[in-house]
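Read off the chains here:
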Amino acid sequence: MSALDVRRMTQLLGLLSFRGIKKAVLAILAVATLTACTTSQDPAARIDGFNDPYETQNRAIHNFNKGFDKNLFRPVSQGYAYIPVEIRDLVNNFSENLATPGEGINSLLQANLPNVGIAIVRFGMNTTIGLGGIIDAADAFGVPDLNTDFGETLFVWGVGEGAYVEMPIFGPSTQRDAFGFVVDFFTNPFTYATVDGPLRIIPPIAYTGAQLNNRDKFKGTIDALLYESADSYTQSRSIYLQNRRFELEGSVPQDEDPYIDPYLDPYAE
Amino acid sequence: MNTSLSLSRRGFVLGASAVAGLGAAPSFAMTENQAIALVDKVVADINRVIASGKSDDAILRDFETLFARYADVNIMAQYALGPDGRAASSGQKRAFADAFKRYISRKYGRQFRDFIGGRVEVMSARPIRAGFEIKTTVFLRGQSPYEVTFHVSDRSGQDKFFNIFIEGVNLLLTERSEIGAMLDQRGGDLNRLIKDMKTAS
Chain A
1 MSALDVRRMT QLLGLLSFRG IKKAVLAILA VATLTACTTS QDPAARIDGF NDPYETQNRA
61 IHNFNKGFDK NLFRPVSQGY AYIPVEIRDL VNNFSENLAT PGEGINSLLQ ANLPNVGIAI
121 VRFGMNTTIG LGGIIDAADA FGVPDLNTDF GETLFVWGVG EGAYVEMPIF GPSTQRDAFG
181 FVVDFFTNPF TYATVDGPLR IIPPIAYTGA QLNNRDKFKG TIDALLYESA DSYTQSRSIY
241 LQNRRFELEG SVPQDEDPYI DPYLDPYAE
Chain B
1 MNTSLSLSRR GFVLGASAVA GLGAAPSFAM TENQAIALVD KVVADINRVI ASGKSDDAIL
61 RDFETLFARY ADVNIMAQYA LGPDGRAASS GQKRAFADAF KRYISRKYGR QFRDFIGGRV
121 EVMSARPIRA GFEIKTTVFL RGQSPYEVTF HVSDRSGQDK FFNIFIEGVN LLLTERSEIG
181 AMLDQRGGDL NRLIKDMKTA S
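Those protein sequence lines, which keep their order, are chains A and B.
Counting from 1, position 177 in the first sequence corresponds to residue 177 in the working numbering; the numbering is continuous, with no gaps.
Counting from 1, position 99 in the second sequence corresponds to residue 99 in the working numbering; the numbering is continuous, with no gaps.
Do not take every clue at face value.
Here are a few chain A residues that face chain B, going by a calculated C-beta distance under 8 Å [to be verified]:
| # | residue |
| --- | --- |
| 1 | Asp-145 |
| 2 | Gly-220 |
| 3 | Ser-229 |
| 4 | Ala-230 |
| 5 | Asp-231 |
| 6 | Thr-234 |
| 7 | Gln-235 |
| 8 | Gln-242 |
| 9 | Asn-243 |
| 10 | Phe-246 |
| 11 | Glu-247 |
| 12 | Asp-261 |
| 13 | Pro-262 |
Label-pair restraints from in silico Cβ distances [what the hints assert, rightly or not]:
| # | chain 1 | residue 1 | chain 2 | residue 2 | range |
| --- | --- | --- | --- | --- | --- |
| 14 | B | Thr-137 | A | Leu-225 | 21 to 29 Å |
| 15 | B | Ala-58 | A | Gly-124 | 45 to 53 Å |
| 16 | B | Phe-139 | A | Gly-117 | 23 to 31 Å |
| 17 | B | Ser-52 | A | Ile-169 | 40 to 48 Å |
| 18 | A | Thr-56 | B | Gly-188 | 20 to 28 Å |
| 19 | B | Gly-187 | A | Gly-158 | 44 to 52 Å |
Source of the hints: derived by calculation from the structure; they are not laboratory data.
Think of the CB as a built atom: it goes at the ideal place given N, C-alpha and C, for glycine as much as any other residue.
Hey, can you work out the whole structure from these sequences and the hints?
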């Protein structure tokens, strides 16, 4: 990151007045400049490859996560699924709406002004016409989906993904994205950390409900991945990294062609 | 880009003559329209099988037939087995390709119900070294649309798929890793792996 980028970011910081965010972002700038030197934007470690120096610890956490899923999260999601899907989806909508202002902030930090507009429109429409966010009214009006986080902001700022890490409970991630996850928790306007008073319990409850719903909706895929794979750790690492890189880089042509040509060298490693 | 059949009518005619030339040397003349026509055809056939009202088992067997028809199973199986296949005999390779066909069509076909009422829209096509890359958006009921990319080639002698990407996740790459793990689980015993893949549910 150049001195110009740092200056531009400090100017952005002056515009933001959320409690704690300045401190958090300054800390991140420090980390970002450190990790930018050491992380894997390097083509050799990407696409086919991955950077997993903490594999032993990650595997231990993965086994814990599987136990958590098998013994608690999955059974609860099965019970939760008795609620009619229309109502479960309202909870998902509400939870996603709470995340929208944070997504707007991240879009601003990414200098993605169209997305800032989308976030404003989505939050405005869904909170008003969508009855406090339980209905995705913006979707009905054709407003595009928005899905971003501080991990993506760091990516846009040039921070590499770092090492693969599996988070307890929350599953596969990377150093950059796990860091972003924590930052979002402390800086997005509607989380347990940022809402005051008795209402603070609402965001985590809505979030949990949304995850339980997703667990049930995708149970075919998730159950097969976790419980029928020969190595669920490697599979979830591979799938997460491929999907996350796709999510961040989209269909933009990459430095090296990631596609495999089995006709060329079937035994190429 | 639309997927209307009329647009790729010419592709159908060209495709049909390519198939008629089975046994001749690979044409290496697959056009973009032919590649898109292949995507249209396989989606139509999958929808037909799902709507057939047969039992789950019969539907999965039909998927296996479709997979054999539309995908280059041999090259995919060879890639998925990877370096471990280097020491395999040609009989083992054939048996593995057969088991692979069943394994893939069942693993990914099992959740066919999610595909009911869904549709696939071709978004773009671009040439790649082996043929064409076709990007599509899949619209399923009750889910956000997502991107599926097909890689198509005629290097086998016919227009066939040789890889699929779902939201960036490379099927061949992911399966190669998993099959490697399955082989490790069986101490490297390829015959046992083939047997297990053939009898798994």
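Cross-check of the supplied hints:
{"no.": "1", "hint": "Asp-145", "verdict": "6 Å, holds"}
{"no.": "2", "hint": "Gly-220", "verdict": "4 Å, holds"}
{"no.": "3", "hint": "Ser-229", "verdict": "6 Å, holds"}
{"no.": "4", "hint": "Ala-230", "verdict": "4 Å, holds"}
{"no.": "5", "hint": "Asp-231", "verdict": "4 Å, holds"}
{"no.": "6", "hint": "Thr-234", "verdict": "6 Å, holds"}
{"no.": "7", "hint": "Gln-235", "verdict": "6 Å, holds"}
{"no.": "8", "hint": "Gln-242", "verdict": "5 Å, holds"}
{"no.": "9", "hint": "Asn-243", "verdict": "5 Å, holds"}
{"no.": "10", "hint": "Phe-246", "verdict": "2 Å, holds"}
{"no.": "11", "hint": "Glu-247", "verdict": "7 Å, holds"}
{"no.": "12", "hint": "Asp-261", "verdict": "5 Å, holds"}
{"no.": "13", "hint": "Pro-262", "verdict": "4 Å, holds"}
{"no.": "14", "hint": "Thr-137(B) x Leu-225(A): 21 to 29 Å", "verdict": "23 Å, holds"}
{"no.": "15", "hint": "Ala-58(B) x Gly-124(A): 45 to 53 Å", "verdict": "51 Å, holds"}
{"no.": "16", "hint": "Phe-139(B) x Gly-117(A): 23 to 31 Å", "verdict": "25 Å, holds"}
{"no.": "17", "hint": "Ser-52(B) x Ile-169(A): 40 to 48 Å", "verdict": "42 Å, holds"}
{"no.": "18", "hint": "Thr-56(A) x Gly-188(B): 20 to 28 Å", "verdict": "23 Å, holds"}
{"no.": "19", "hint": "Gly-187(B) x Gly-158(A): 44 to 52 Å", "verdict": "45 Å, holds"}
No hint from the list above goes unmet by this structure.
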